[in-house]
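Peer 1: Line order of the protein sequences matches chains A and H. Each position in the first sequence, counted from 1, maps to that position plus 133 in the numbering used here. Each position in the second sequence, counted from 1, maps to that position plus 6 in the numbering used here.
For the record, the hints were derived by calculation from the structure and aren't laboratory data. Fair warning: there could be bad hints in the mix.
Capping the alpha-carbon separation at 25 Å, the derived lysine to any residue pairs in SDA-like fashion look like this [stated by the list, open to error]:
{"#": "1", "chain 1": "A", "residue 1": "K188", "chain 2": "H", "residue 2": "T110"}
{"#": "2", "chain 1": "A", "residue 1": "K220", "chain 2": "H", "residue 2": "N60"}
{"#": "3", "chain 1": "A", "residue 1": "K215", "chain 2": "A", "residue 2": "P183"}
{"#": "4", "chain 1": "H", "residue 1": "K19", "chain 2": "A", "residue 2": "T257"}
{"#": "5", "chain 1": "H", "residue 1": "K45", "chain 2": "A", "residue 2": "D256"}
{"#": "6", "chain 1": "H", "residue 1": "K27", "chain 2": "A", "residue 2": "V193"}
{"#": "7", "chain 1": "A", "residue 1": "K215", "chain 2": "H", "residue 2": "K45"}
{"#": "8", "chain 1": "A", "residue 1": "K220", "chain 2": "H", "residue 2": "V84"}
{"#": "9", "chain 1": "H", "residue 1": "K27", "chain 2": "A", "residue 2": "P183"}
{"#": "10", "chain 1": "H", "residue 1": "K19", "chain 2": "A", "residue 2": "R242"}
{"#": "11", "chain 1": "H", "residue 1": "K27", "chain 2": "A", "residue 2": "P194"}
{"#": "12", "chain 1": "H", "residue 1": "K27", "chain 2": "H", "residue 2": "E63"}
Residues per chain, in single letters:
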Amino acid sequence: MDNDSRGATRRDMLLAGMAGVGATLIRIEPAAATPDSMKRAIRQVVGEAPVRNGKVTIDVPTLVENGNTVALAIEVESPMTKDDYVKAIHVFNEKNPLPNVISAHLGPRAGRARISTRFRLADTQTITAVAELSDGSFWSASADVIVTLAACLESLD
Amino acid sequence: MARALINVPQKAKSGQVIEIKTLISHIMETGFRHDNVGKAIPRNIITTFVARYNGEEIFRTDLFPAIAANPFVSFHTVATESGTIEFEWTGDNGFHETGSAKITVE
Numbered sequence: 134m135d136n137d138s139r140g141a142t143r144r145d146m147l148l149a150g151m152a153g154v155g156a157t158l159i160r161i162e163p164a165a166a167t168p169d170s171m172k173r174a175i176r177q178v179v180g181e182a183p184v185r186n187g188k189v190t191i192d193v194p195t196l197v198e199n200g201n202t203v204a205l206a207i208e209v210e211s212p213m214t215k216d217d218y219v220k221a222i223h224v225f226n227e228k229n230p231l232p233n234v235i236s237a238h239l240g241p242r243a244g245r246a247r248i249s250t251r252f253r254l255a256d257t258q259t260i261t262a263v264a265e266l267s268d269g270s271f272w273s274a275s276a277d278v279i280v281t282l283a284a285c286l287e288s289l290d
Numbered sequence: 007m008a009r010a011l012i013n014v015p016q017k018a019k020s021g022q023v024i025e026i027k028t029l030i031s032h033i034m035e036t037g038f039r040h041d042n043v044g045k046a047i048p049r050n051i052i053t054t055f056v057a058r059y060n061g062e063e064i065f066r067t068d069l070f071p072a073i074a075a076n077p078f079v080s081f082h083t084v085a086t087e088s089g090t091i092e093f094e095w096t097g098d099n100g101f102h103e104t105g106s107a108k109i110t111v112e
């Protein structure tokens, strides 16, 4: 009787321990943004509005040797007048730890809706640029980038 | 003190669209890396960059950890009048840096 109850306790402990491990595994957040989290990030910016393809051009190399610094330029077709201009340009990625890359706000004073920067890529992935126009419409474009040396993964020794 | 490089054309014709390029030295630590004992390195990035033309805001951008170290940002604006274009970077740990460039519009 004594032995039995001790065995049961041990088994219970073991089961409880395994359940604990299982629960922890499930609770861990993915370490990288996913296509889904990119979609969520885009929804946060555009809300319920439809996003159409077009007007946006992404200028990024298709093959990148070093993901730590990748040149990126976004241009949006727009006359940039007081009545018709680009309000904002947002860039998103699928597989970096965070889906956002940059959010630029411009106005008719820009004259030309083109921005450029340098960013990091953790993996081969698709990046998406979304432009918000003054009439409230959203336009987007996507580009595939192949990365040979990924950013974000190196440790400091 | 962070070092900022600013490239604005010295002279422009009125109404001309000019390109402005900026680069600032900053580590842009993502907050997703670990040091050699496995401790997470806290995030340290520039979060906002603003440009003002004679006091009027012409460009503003939010930067995320995905921006490479020593952030480079370029954009366009219409040269309207002679004056000063001011630049302001703000970030984590109270980071704040300003720069300016003169422009003559003919």
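Peer 1: Are any of the numbered hints broken by this structure? If so, which, sorted upward?
Peer 2: 1, 4, 7 and 9
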